[in-house]
Amino acid sequence: MLATGLRQLRYGYSLLTGRRFSADGLQKIVADLVETLDEFGETTDEAAEMLMVAEPDAKAEQEVVGARLRQAVRDAATSTAYYREWFGRHDIDVDDLPITTKAQLKSAPFAFVSDRSQPVLMAQTTGTTGVPASIWFSRYELDVLSCLNALAEMLAGLRRHHVVANFGSSRAALPVYDLMRTSTLVGNGCLQVGIVDPRIAIERLATPLHLPGKANQVTHMVANASFLAAVVQEVEQGAWKAADFGLRQIFPGGEILTEALRLRAEEALGAPVLETYAATEITPIAGRVCSQRHMHFATHQGQIEVLDPMTHRPVAPGEIGVLVVTPYPPFRDTTLLIRYETGDLVRRLATDKLSCELANVFATSQVLGRADTLAGPLAREVLEILQTEPAIPLPTRYALVPGRSGPVLHVAVPRPSRRLVSRLEELIAQTLPGLDGLVLTDDPDSLPSPCVVRADLREHSFELSALVPAAADPAPVEPESDLLGALA
Amino acid sequence: VKYETQILTQTSVVASIMIACALYLWRIEIRRPPIGRFNRADVTTITVIIIAIPFAYAALPVAVASTVFGIVFCTAIQTALSPIVGGRIATMITLAIAAADIALAIWGRHGWITVANDIIVGCALVGVTNIWVQSGAKASYVAVFAGVLAIYDPIVTWLSPLMQQLFVQLTDLPFAPLLSLVGHIRLRLGLGDALMFALWPVVLAKAYGRVAAWIGGALSIGTLVVIEVLLLAGRLPNLVAVMAIYGPVVVLQYVVLRLTRGPERTTAAWRASRTARHTERVESVDGRTRALAAARELDQLAAGTYAAFDDGVLVGTGHTPAQARRSARLAGCPAVPVVVRTG
Numbered sequence: 019m020l021a022t023g024l025r026q027l028r029y030g031y032s033l034l035t036g037r038r039f040s041a042d043g044l045q046k047i048v049a050d051l052v053e054t055l056d057e058f059g060e061t062t063d064e065a066a067e068m069l070m071v072a073e074p075d076a077k078a079e080q081e082v083v084g085a086r087l088r089q090a091v092r093d094a095a096t097s098t099a100y101y102r103e104w105f106g107r108h109d110i111d112v113d114d115l116p117i118t119t120k121a122q123l124k125s126a127p128f129a130f131v132s133d134r135s136q137p138v139l140m141a142q143t144t145g146t147t148g149v150p151a152s153i154w155f156s157r158y159e160l161d162v163l164s165c166l167n168a169l170a171e172m173l174a175g176l177r178r179h180h181v182v183a184n185f186g187s188s189r190a191a192l193p194v195y196d197l198m199r200t201s202t203l204v205g206n207g208c209l210q211v212g213i214v215d216p217r218i219a220i221e222r223l224a225t226p227l228h229l230p231g232k233a234n235q236v237t238h239m240v241a242n243a244s245f246l247a248a249v250v251q252e253v254e255q256g257a258w259k260a261a262d263f264g265l266r267q268i269f270p271g272g273e274i275l276t277e278a279l280r281l282r283a284e285e286a287l288g289a290p291v292l293e294t295y296a297a298t299e300i301t302p303i304a305g306r307v308c309s310q311r312h313m314h315f316a317t318h319q320g321q322i323e324v325l326d327p328m329t330h331r332p333v334a335p336g337e338i339g340v341l342v343v344t345p346y347p348p349f350r351d352t353t354l355l356i357r358y359e360t361g362d363l364v365r366r367l368a369t370d371k372l373s374c375e376l377a378n379v380f381a382t383s384q385v386l387g388r389a390d391t392l393a394g395p396l397a398r399e400v401l402e403i404l405q406t407e408p409a410i411p412l413p414t415r416y417a418l419v420p421g422r423s424g425p426v427l428h429v430a431v432p433r434p435s436r437r438l439v440s441r442l443e444e445l446i447a448q449t450l451p452g453l454d455g456l457v458l459t460d461d462p463d464s465l466p467s468p469c470v471v472r473a474d475l476r477e478h479s480f481e482l483s484a485l486v487p488a489a490a491d492p493a494p495v496e497p498e499s500d501l502l503g504a505l506a
Numbered sequence: 078v079k080y081e082t083q084i085l086t087q088t089s090v091v092a093s094i095m096i097a098c099a100l101y102l103w104r105i106e107i108r109r110p111p112i113g114r115f116n117r118a119d120v121t122t123i124t125v126i127i128i129a130i131p132f133a134y135a136a137l138p139v140a141v142a143s144t145v146f147g148i149v150f151c152t153a154i155q156t157a158l159s160p161i162v163g164g165r166i167a168t169m170i171t172l173a174i175a176a177a178d179i180a181l182a183i184w185g186r187h188g189w190i191t192v193a194n195d196i197i198v199g200c201a202l203v204g205v206t207n208i209w210v211q212s213g214a215k216a217s218y219v220a221v222f223a224g225v226l227a228i229y230d231p232i233v234t235w236l237s238p239l240m241q242q243l244f245v246q247l248t249d250l251p252f253a254p255l256l257s258l259v260g261h262i263r264l265r266l267g268l269g270d271a272l273m274f275a276l277w278p279v280v281l282a283k284a285y286g287r288v289a290a291w292i293g294g295a296l297s298i299g300t301l302v303v304i305e306v307l308l309l310a311g312r313l314p315n316l317v318a319v320m321a322i323y324g325p326v327v328v329l330q331y332v333v334l335r336l337t338r339g340p341e342r343t344t345a346a347w348r349a350s351r352t353a354r355h356t357e358r359v360e361s362v363d364g365r366t367r368a369l370a371a372a373r374e375l376d377q378l379a380a381g382t383y384a385a386f387d388d389g390v391l392v393g394t395g396h397t398p399a400q401a402r403r404s405a406r407l408a409g410c411p412a413v414p415v416v417v418r419t420g
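So the protein lines, in turn, are chains A and H. For the first sequence, our numbering gives the first residue as 19, with consecutive numbering after it. For the second sequence, our numbering gives the first residue as 78, with consecutive numbering after it.
If you are wondering where the hints come from, they were derived from the structure by calculation, not from laboratory data.
No farther apart than 25 Å at their CA atoms in a straight line, the calculated lysine to aspartate or glutamate pairs in the DMTMM-like style are these:
{"id": "1", "chain 1": "A", "residue 1": "K371", "chain 2": "A", "residue 2": "E277"}
{"id": "2", "chain 1": "A", "residue 1": "K259", "chain 2": "H", "residue 2": "D388"}
{"id": "3", "chain 1": "A", "residue 1": "K124", "chain 2": "A", "residue 2": "E323"}
{"id": "4", "chain 1": "A", "residue 1": "K120", "chain 2": "A", "residue 2": "E337"}
{"id": "5", "chain 1": "A", "residue 1": "K124", "chain 2": "A", "residue 2": "D390"}
{"id": "6", "chain 1": "A", "residue 1": "K124", "chain 2": "A", "residue 2": "D326"}
{"id": "7", "chain 1": "A", "residue 1": "K120", "chain 2": "A", "residue 2": "D474"}
{"id": "8", "chain 1": "A", "residue 1": "K232", "chain 2": "H", "residue 2": "D363"}
{"id": "9", "chain 1": "A", "residue 1": "K120", "chain 2": "A", "residue 2": "D326"}
{"id": "10", "chain 1": "A", "residue 1": "K232", "chain 2": "H", "residue 2": "E341"}
{"id": "11", "chain 1": "A", "residue 1": "K46", "chain 2": "H", "residue 2": "D119"}
{"id": "12", "chain 1": "A", "residue 1": "K232", "chain 2": "H", "residue 2": "D388"}
{"id": "13", "chain 1": "A", "residue 1": "K371", "chain 2": "A", "residue 2": "E337"}
{"id": "14", "chain 1": "A", "residue 1": "K120", "chain 2": "A", "residue 2": "D390"}
{"id": "15", "chain 1": "A", "residue 1": "K120", "chain 2": "A", "residue 2": "E103"}
Generate the whole structure from the sequences, applying the supplied hints.
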């Protein structure tokens with residue numbers, strides 16, 4: 019207890035002053051928490067407050083944020099080529115800092131890497147827009163990230179006997195590495211499956227494991243929202259039931275998760291869906307969605323702003339803007355970014371008027387869409403309608419193209435019917451009155467603009483051939499009645 | 078005072094403290110640290126402190142040493158009382174007891190200060206033992222602690238004059254770290270001895286259950302009575318190294334329990350056993366062994382078919398493990414079966 023207390027003091031000191039964490043000390047705190055859970059079964063409420071840091075009051079927050087932002091700007095201006103060049107041409111003014119766009123990061127990733135850093139791992143974004151962004155991380159950052167994630171996941175309920183399956187892309191180096199490290203620290207089981215055929219994913223989820231000290235099936239599923247949608251579709255259309263799985267929690271991320279899809283996933287897979295927001299560029303800053311569907315951010319890890327995409331001025335509460343993030347030291351020391359424009363649209367919320375369990379924590383709405391689609395209906399609004407309709411296949415494929423008096427919505431549906439059209443038109447009239455028309459097409463490739471989702475990063479597997487008979491005949495193979503023994 | 082009365086009084090007081098510690102454990106949940114548990118590092122720290130106490134008392138000015146022990150005792154008492162009467166009242170009661178002890182020492186009330194000191198030490202022991210045990214202290218740690226004291230105690234008691242000097246020096250001081258009871262110098266228990274007597278049955282209750290705790294308590298009281306009788310019969314030197322006798326008893330009981338009962342329980346398992354709280358079931362090894370044996374004898378299925386077994390009984394088949402699991406569910410098997418590929 020004594021040594022644990024001292025380590026926690028050291029951790030708190032780093033959080034308060036912005037000095038580097040002791041990676042070794044953090045690993046020991048993780049081990050302390052594992053030991054605590056082994057001994058007592060559960061944590062106390064104070065554990066979460068101690069480790070995840072309660073939000074400071076407004077004045078203290080202002081002081082800490084100001085100091086941390088100045089430190090981040092100083093580090094970037096003195097140690098990265100991009101910001102050294104930029105601040106060489108402009109005065110350093112923390113009230114008028116440059117916006118860093120994804121295009122700038124893509125054009126010269128090396129220019130954002132600190133001279134003082136020791137980069138060891140390059141993580142790339144999925145590059146759905148064509149060119150991925152590259153972000154380098156140091157061993158220190160990876161150690162800190164793994165430890166913080168291990169602490170957060172244990173406080174959220176992850177235990178040694180759980181088994182986590184990651185259905186994210188196997189090429190996504192950072193999440194895969196982090197899953198492995200985190201699982202090693204916590205002691206839970208983990209398996210990297212990747213974005214495979216949804217039938218293989220179901221196979222992994224339903225297969226009994228029977229490992230010593232572990233749950234009998236996969237308990238936690240990590241997947242992009244579009245891949246989760248593909249799995250839900252397969253479960254709904256196949257002969258699978260939630261009882262076939264042993265899931266306890268599902269963590270979708272990386273894409274918009276609609277309320278409709280969340281409910282369908284919970285029904286199909288039999289586990290609560292806990293949505294988070296994260297992006298490789300702004301690691302380790304992450305948004306956590308509360309019970310009232312606000313997205314909350316811990317502001318001690320970075321500055322979170324909601325800005326007008328055109329003027330880059332802060333928007334008022336209730337208005338929509340783009341999420342702009344500045345990760346603070348001591349969380350980042352390699353790829354340093356100031357006011358990084360994520361491109362994700364959110365609605366700014368008045369934090370002081372919230373009544374959820376995280377009411378005092380900075381909050382926005384969930385991601386509504388991308389900044390480049392601000393002119394038409396927001397992606398979330400469209401998806402929310404389309405994903406309530408079981409006749410439209412998941413993941414949803416649609417395109418918006420300009421029409422005479424507004425955008426026209428094109429949706430890929432294998433068997434369009436008049437009844438479906440009328441149902442959709444009725445829904446659209448209620449929620450998206452600005453649309454000029456609806457077009458259903460049976461071929462996703464014939465959409466006027468390609469609808470790319472992360473589930474398209476499909477990884478090939480030889481295993482699929484073994485599943486083909488099952489796909490042709492989804493009915494289960496019944497054991498012969500005389501072999502059923504006691505259960506017959 | 079007759080020797081028999083002294084023995085009876087001392088034994089009763091120690092037994093009362095043991096019972097108080099056990100009742101506290103049974104009825105009151107103490108606030109534990111949010112992260113961390115009582116571990117080897119803590120045992121090492123406590124051992125060093127216990128070993129250092131005589132030297133500290135000899136080296137430090139009396140007022141400083143008394144202040145240090147006063148703070149330690151008051152913290153333990155306040156922590157123990159807080160869940161019962163609330164933090165503020167607990168603080169007030171603790172301060173009142175401490176003030177009384179100091180006042181009696183200043184006024185030189187010889188008999189009364191002994192009683193006040195014993196009350197403070199007794200209450201502090203209830204607090205300390207429960208803080209330790211409810212913070213996850215293991216019986217193995219306590220046994221190691223007892224083993225170390227069993228070596229240290231005779232050295233400091235019999236081979237050096239330190240302990241003798243200490244007992245004389247501590248007479249009538251507030252917050253003296255000993256249980257002195259009736260003033261006869263030979264029947265005093267040092268803080269380490271008293272702590273071990275109070276702690277052992279309580280940690281056994283958590284680790285191995287009530288029966289082990291009762292046996293531990295009986296062995297402790299029995300050892301104390303034997304020491305007292307031998308002392309009065311003149312078979313032991315005037316100053317007894319109690320842990321030299323009691324330490325091996327503790328270690329021996331732990332070894333017997335470990336060999337016969339296996340690993341000790343965690344705090345979670347102990348609490349679950351008291352409240353019948355549900356804990357997540359993890360598959361037993363037997364189910365897997367039976368499934369493998371049953372699969373070997375299975376010749377009705379085509380090679381490469383996956384067979385699902387529940388407790389060695391075939392409950393489903395499929396082209397893949399997942400399909401076999403689903404087949405078992407459709408056949409009415411509520412458990413997750415063990416799936417084996419045949420052939």
